[in-house]
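**Student:** Put chain B on the given structure of chain A with help from the hints.
The listed protein sequences correspond, in order, to chains A and B.
The C-terminal position of the first sequence is numbered 768 in this note's numbering, with every residue numbered one higher than the one before it.
The C-terminal position of the second sequence is numbered 768 in this note's numbering, with every residue numbered one higher than the one before it.
Some hints here could point you the wrong way.
If several chains are the same, the list does not tell them apart, and a pair holds so long as it fits within one copy or across any two.
[What the hints assert, rightly or not] Capping the alpha-carbon separation at 25 Å, the derived lysine-lysine pairs in BS3-like fashion look like this:
#, residue 1, residue 2
1, K581, K491
2, K581, K518
3, K612, K520
4, K263, K703
5, K612, K518
6, K399, K750
7, K737, K712
8, K189, K703
9, K188, K263
10, K737, K263
11, K703, K188
12, K491, K520
13, K335, K311
Treat the hints as calculated values from the structure; they're not laboratory data.
Spelled out from the first residue to the last, the chains are:
Number of protein chains: 2
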Amino acid sequence: MNGKKVVIIGGVALGPKAACRLKRLEPDAEVVIVDQDEYVSYGGCGIPYFISGDVNSVQDLMSTSFHMLRTPQFFQDVKDVRVRVRTRATAIDRVKRTVRVLDLASGVEDDLPYDQLVIATGSTPNKPPIPGIDLPGVTSVTNLHSAMAVKDMLSTGKVERAVIVGAGAIGCEMAEALGDLWGIETHLVEIEDQVLPGILAPSLAAIVRNHLEEKGVQVRLGRRVAEIRRDKEDGGLEVELKPEEIIRTELVITAAGVRPNTELARSARLATGPSGAIIVNEMLQTSDPRIFAGGDCIEIAHLITGKPVFFPQGSLANRQGRVIGTNLAGGAAKFKGTVGSFSMKVFDLGVASTGITPQAALKNGFDPESVLVVQADRAHFYPTQDLMYFHMTVDRKTRRILGAQAVGANGDAVAGRINSIAAILPFKPTVEDISNLEIAYSPPFASALDVVNATGNTAENILDGLNRPMEPGEFERCFLIEESADCLCLDVRSPANAAPFVERYGSRWLNIPQETLNKRMDEVPRDKRLLLVCNSGVRSYEAMRQLERAGIKNTMNVQGGVAALKKSGAFPKAPKSEGGDSRD
Amino acid sequence: MNGKKVVIIGGVALGPKAACRLKRLEPDAEVVIVDQDEYVSYGGCGIPYFISGDVNSVQDLMSTSFHMLRTPQFFQDVKDVRVRVRTRATAIDRVKRTVRVLDLASGVEDDLPYDQLVIATGSTPNKPPIPGIDLPGVTSVTNLHSAMAVKDMLSTGKVERAVIVGAGAIGCEMAEALGDLWGIETHLVEIEDQVLPGILAPSLAAIVRNHLEEKGVQVRLGRRVAEIRRDKEDGGLEVELKPEEIIRTELVITAAGVRPNTELARSARLATGPSGAIIVNEMLQTSDPRIFAGGDCIEIAHLITGKPVFFPQGSLANRQGRVIGTNLAGGAAKFKGTVGSFSMKVFDLGVASTGITPQAALKNGFDPESVLVVQADRAHFYPTQDLMYFHMTVDRKTRRILGAQAVGANGDAVAGRINSIAAILPFKPTVEDISNLEIAYSPPFASALDVVNATGNTAENILDGLNRPMEPGEFERCFLIEESADCLCLDVRSPANAAPFVERYGSRWLNIPQETLNKRMDEVPRDKRLLLVCNSGVRSYEAMRQLERAGIKNTMNVQGGVAALKKSGAFPKAPKSEGGDSRD
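Next up, chain A with everything else stripped away, as it sits in the complex (with noise of 0.2 Å):
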């Protein structure tokens, strides 16, 4: 053999696709992929799940779908790739074109010469600058090691509380992990005030907040963790939050992100970008053609900002992988960046997200409208349907998608609907694109006029200004905490349905049912502001036109109606059972 030689530095995700890929097109390429740890090629999302006890062993993450574990000896002889485990780059000469290894076993270094290089080094956790935070049973859960570690403290039965400490991803999946199978009391704080900052859009950030607290999670928004403590009493720990409050704990775990580990990179003088990450062109090359680099360590392209993004995520590392073996072997992929789609489970719920957030879209310079839709995941009278929460955000001058994201019980339909906008949004779709955006129709698995295409043609009344819609936060902002006394709430749904609210609220809560109201129109007040509501929003918007008809023009429409106000919570002394059937 007399092919030319490969390095692959990091052994996980990107690193093992591309040197298979490569050795599929030109088998007679010497590959040799090295990493410091002494596990390679595993699936890190399913860490959670490991600890949740979903997944059994480290091994099912580590193995193949056809139950082969993908150790060394596996990559030796199935795919005639070297793995030096326990090995570590620790410098690159671009010269020499050598990478210099240190054995960690024996301390012995070597040079590896290499004719294209690929870096893959990955990510760190962030750690938060916490006083305490290197306290022993303090710990983040991003590789296997801490992530058995944990398990194995679960496993003594000895923690009882815990502490997670920031509420993106992992936190919320962590949340589930503890909670769910180990019935450990969690709490879970974030310093922002939803959860999943940057992620969801306030209103669907509320529903899965709601959830957390449901199934017994202590949620703690918009407060930091001051100090970690060893409480002398009991040996375990204390967390100091501000605002004020102290939690003891036997279990703390961070989950602040991570930062793209580029010191290799840098040293070598290879170009980063912004956002701290390694930058690489379309056929992922950093700034020395012979050097490729992928996943977590590299920034990309955001195809709906235009601008480079740190996006680490184990899907994107896998395809880019395969785009570096393709042009390792002389070929021409391309990876084009992302539109920044995500999903995932919180207990019951799931959750999906593509594009991005109202917040960022502010942020870069575009004038976002939250549309928010409530509908059956599939036709309304299949027994299995349940209801959606549909978030999209729309550039008001352009009428351009910025994103999308759902939250719902059925987890598949949820990201079904959230893969299928992520499809076009690379084409710059407009509202009018999601209002005919084909959805495959059956009773069993959409509506006729599916939630997407009531998304679009919402989002579409709202830009024509037919429609005004108010977020659930605002209406419980202005209606349930201030209680504001020029706000009367005008509910068009049933009595039977309307009645407990109304001997709530009793006066600012007006009932006069959708299909009553033409005939009862000087029962409106007309010097109140009105807020709209229904169940789902639909029958309020029909009454908005209706109102506007008759002159009354001071309305705005409840977004997702009562159905959104439930699900996030906001009724926190409603009455519980309330006439008539839930979905009226």
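**Tutor:** Leaving out everything else, chain B in the frame of chain A:
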């Protein structure tokens, strides 16, 4: 009120949608819907679920999502739309701008003046030219009357056997409805050689056929019904098939497609197209710009072939209804056509499709390649994972995607993947676009390299000549049925999985596990055509690359592997229990 006058002929799906949209935009419009039936605005696609009992009553199909019956009174009170039921439109006078209508109860005729007219006359079930088709006990199930009649008949308990004529979507749904809840011995007769002809590729149709049979449905392919006779002895029915078979039954349901109702449009000299349906432009205007048409009576552009098609479907009718409503109000909304998406449930299988089949691709002048991938529908280590069978049709010359179809146990996951492909189909994607389609990743909802991306990659490998595919049906024909002497099956799974097959097929079934292949290359016969098999087609592809390197090129990769063969019932007498695990 001096609004313009709008007459809508047809009160199901499109008609009411157009009327309500118009009224929201232009409240002064005077809108009347006429329909010859007594029932309007029901969900016709729900009929199989009403018959099965999944949906309790016809009222459920006629209600809004907030449980309000869509009666004429409802439309009058809530929508300010007049609905005249049991009223038949008999002629359109385009000069006077009137519609002649006949009140079916009183026999009185009158003329309705219009400024704008909407034709939403829908479709009528095809009646196959079979002697005896009009006998009592022979019916279609395309409207509420026939559906109620069938359900009443089933409720008597006197139906022990049923024959369904036509294995299209309605035929398959009815087979489930009759078999699942009612326990009726059901015979499904189809003149073509597969179920769901024109909808599914043969490899997936075989899986659906096998599933129907597993559920007890007697599927008869390539048979036509020659005659239906009254049985002289017991008063039941005798159905005579060709080739020869006679089935005694109490109920015959015809499901042989529908044809557009265009008599009214034709006699008004509105243009109709090659499909026989009414021609409309993108604004859904007929050849008379004052007259709009939509739903099951028009033809629309197929966005893959560019040709007009008759593609009746409730969801398209609803979307077209909104477009017409907007345009009646002076808007300029467009309906650009369809990519032909479709979904259905067949017992425990979800089925979805978009674009065109390989057969249709051939007919339309493409050079189609069939790509079949079998992969878990979520992370392979996630407990609820199940295999998805994913088929894609690509054009060899242009690498363009022509269609995609899938079946699997998790119907929402199946439909979601197909919807993501459907979303980009209008943009004429190539296989590379599918390799990089962004599927929101987390272990509960997707694979790190999702089945969609894997299908793109496999297509790329096939088009690039790296992977020479053989369809499961072709393997079944040449290896299992014809037992071609020049073919040898090389099974690269583990010995435990391969053993029962080696035992059964002897020297024709050779087992060399893929991880040992490089070392055992001299055991591979070089004088035979090798059919490479693993469980899914992935390791057999790797084996093909290994063999190629060793100079062995007379190989074919059996797509979908043993999983696809088993799922389509290709091994009828195979040993029940195999060693190892079924996913290997």
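**Student:** Should K335 paired with K311 be assigned to within, between, both, or neither, using CA atoms and 25 Å as the limit?
**Tutor:** Close inside one copy (21 Å), not across copies (65 Å); limit 25 Å.
**Student:** What label fits K612 with K518 when the C-alpha limit is 25 Å: within, between, both, or neither?
**Tutor:** both (20 Å within a copy, 18 Å between copies)
**Student:** Treating 25 Å as the Cα threshold, decide for K703 and K188: within, between, both or neither.
**Tutor:** between (83 Å within a copy, 23 Å between copies)
**Student:** When Cα atoms must be at most 25 Å apart, do K581 and K518 count as within-copy, between-copy, both, or neither?
**Tutor:** Between. Shortest inter-copy distance 20 Å satisfies the 25 Å Cα cut-off; intra-copy 32 Å does not.
**Student:** When no copy is named, should K189 and K703 be tagged within, between, both, or neither for a Cα gap of at most 25 Å?
**Tutor:** between (82 Å within a copy, 23 Å between copies)
**Student:** When no copy is specified for K188 and K263, does a C-alpha distance of 25 Å or less occur within a copy, between copies, both, or neither?
**Tutor:** Within. Shortest intra-copy distance 16 Å satisfies the 25 Å Cα cut-off; inter-copy 74 Å does not.
**Student:** Up to 25 Å between alpha-carbons, please classify K737 paired with K712: within, between, both or neither.
**Tutor:** Close inside one copy (10 Å), not across copies (81 Å); limit 25 Å.
**Student:** Using 25 Å as the alpha-carbon threshold, which applies to K612 and K520: within, between, both, or neither?
**Tutor:** both (15 Å within a copy, 17 Å between copies)
**Student:** With 25 Å as the alpha-carbon cut-off, assign the pair K399 and K750 to within, between, both or neither.
**Tutor:** within (16 Å within a copy, 42 Å between copies)
**Student:** Using 25 Å as the alpha-carbon threshold, which applies to K737 and K263: within, between, both, or neither?
**Tutor:** Between copies only: 19 Å across, 70 Å inside.
**Student:** Within a copy, between copies, both or neither: where do K263 and K703 come within 25 Å Cα-Cα?
**Tutor:** This pair counts as between: shortest inter-copy Cα distance 12 Å, intra-copy 76 Å.
**Student:** Should K491 paired with K520 be assigned to within, between, both, or neither, using CA atoms and 25 Å as the limit?
**Tutor:** within (12 Å within a copy, 32 Å between copies)
The structure fails none of the hints (numbered hints given earlier).
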